[in-house]
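First to last, the protein sequences are chains E and C.
Just so we're aligned, residue 1 is where the first sequence starts under the UniProt record's numbering, counting upward by one.
Just so we're aligned, residue 1 is where the second sequence starts under the UniProt record's numbering, counting upward by one.
Bear in mind the hints are in silico, worked out from the structure with no lab data behind them.
Incorrect hints may have been included.
[What the hints assert, rightly or not] Partner residues are not named here, just some residues of chain C that face chain E (Cβ under 10 Å, in silico):
| no. | residue |
| --- | --- |
| 1 | Leu-120 |
| 2 | Asp-147 |
| 3 | Asp-148 |
C-beta atoms are modelled at their ideal positions from N, C-alpha and C, and glycine is treated no differently.
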Amino acid sequence: MSTRLIYFAWVRERIGKPEEDVELPAGIETVADLLRWLKSRGEEYEHALQYPDVIRVAINQEHVEHGEKLSGAREIALFPPMTGG
Amino acid sequence: MPGPVVPTVRIQAEDFDVAAEIARMTQGRADIGAVVTFSGLCRDEAGRLAALELEHYPGMAEAEIGRIAADAVRRWPLQGLTAIHRHGRIVPGENIVLVVAASAHRQAAFEAANFLMDYLKSRAPFWKKEHHTDGSEGGWVDAKEADDEAASRWKQAVPKGN
Numbered sequence: 001m002s003t004r005l006i007y008f009a010w011v012r013e014r015i016g017k018p019e020e021d022v023e024l025p026a027g028i029e030t031v032a033d034l035l036r037w038l039k040s041r042g043e044e045y046e047h048a049l050q051y052p053d054v055i056r057v058a059i060n061q062e063h064v065e066h067g068e069k070l071s072g073a074r075e076i077a078l079f080p081p082m083t084g085g
Numbered sequence: 001m002p003g004p005v006v007p008t009v010r011i012q013a014e015d016f017d018v019a020a021e022i023a024r025m026t027q028g029r030a031d032i033g034a035v036v037t038f039s040g041l042c043r044d045e046a047g048r049l050a051a052l053e054l055e056h057y058p059g060m061a062e063a064e065i066g067r068i069a070a071d072a073v074r075r076w077p078l079q080g081l082t083a084i085h086r087h088g089r090i091v092p093g094e095n096i097v098l099v100v101a102a103s104a105h106r107q108a109a110f111e112a113a114n115f116l117m118d119y120l121k122s123r124a125p126f127w128k129k130e131h132h133t134d135g136s137e138g139g140w141v142d143a144k145e146a147d148d149e150a151a152s153r154w155k156q157a158v159p160k161g162n
């Protein structure tokens with residue numbers, strides 16, 4: 001099953017694309033696993049995800065913690081802390 | 001007696017009219033005793049800033065502000081609640097965000113508007129990029145710890161009453 005990844009703000013700029021569909025390898029169960037795996041996909045990912053702790057994540061358009069399971073995620077968004085308002 | 005309040009949430013590129021939003025909420029009713037509005041505007045940062053570019057997560061922006069607004073409606077006895085957030089390029093002096101809260105008495109309206117803004121700043125998926133008057137790109141605005149702290153103070157129990 002493919003999962004849509006969406007990037008915003010400087011995460012998008014550093015990775016160099018707004019979104020992509022990926023096949024998650026076996027063993028990628030949590031948000032933290034996903035960030036670790038993505039970071040190993042190339043230097044643009046390494047640059048964007050250098051400090052994984054600051055990356056905010058939403059699954060199916062709801063905020064989640066890094067310990068959250070990915071099961072059933074159709075859409076996962078990665079972005080910096082928000083600065084609206 | 002009107003039913004439970006359904007908050008109005010709009011995410012839009014175009015400007016909004018504060019007076020029109022108040023009128024929309026209060027028109028044709030006589031039970032509202034207090035309307036609090038908060039408008040957030042783009043500052044020029046002493047002439048340094050040419051524009052802000054606001055990126056947002058379409059779909060989630062509406063959903064997240066809707067969740068925060070629904071929480072506010074549960075916490076305070078409100079008669080109306082509107083949140084409007086703009087996206088795209090915004091120049092100094094222009095509006096960015098509007099919150100309108102209506103209640104029978106002022107305290108609930110003040111608190112609900114304050115709560116909505118605190119949570120919106122730290123949880124609504126918007127990101128500001130600065131463009132400087134000298135033509136340079138100023139980069140993405142950093143999130144402020146003070147905004148997270150402002151949101152966290154609402155975690156203490158808030159009595160529901162007038």
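Check each numbered hint from earlier against the structure, then list the numbers of those it violates in ascending order. none
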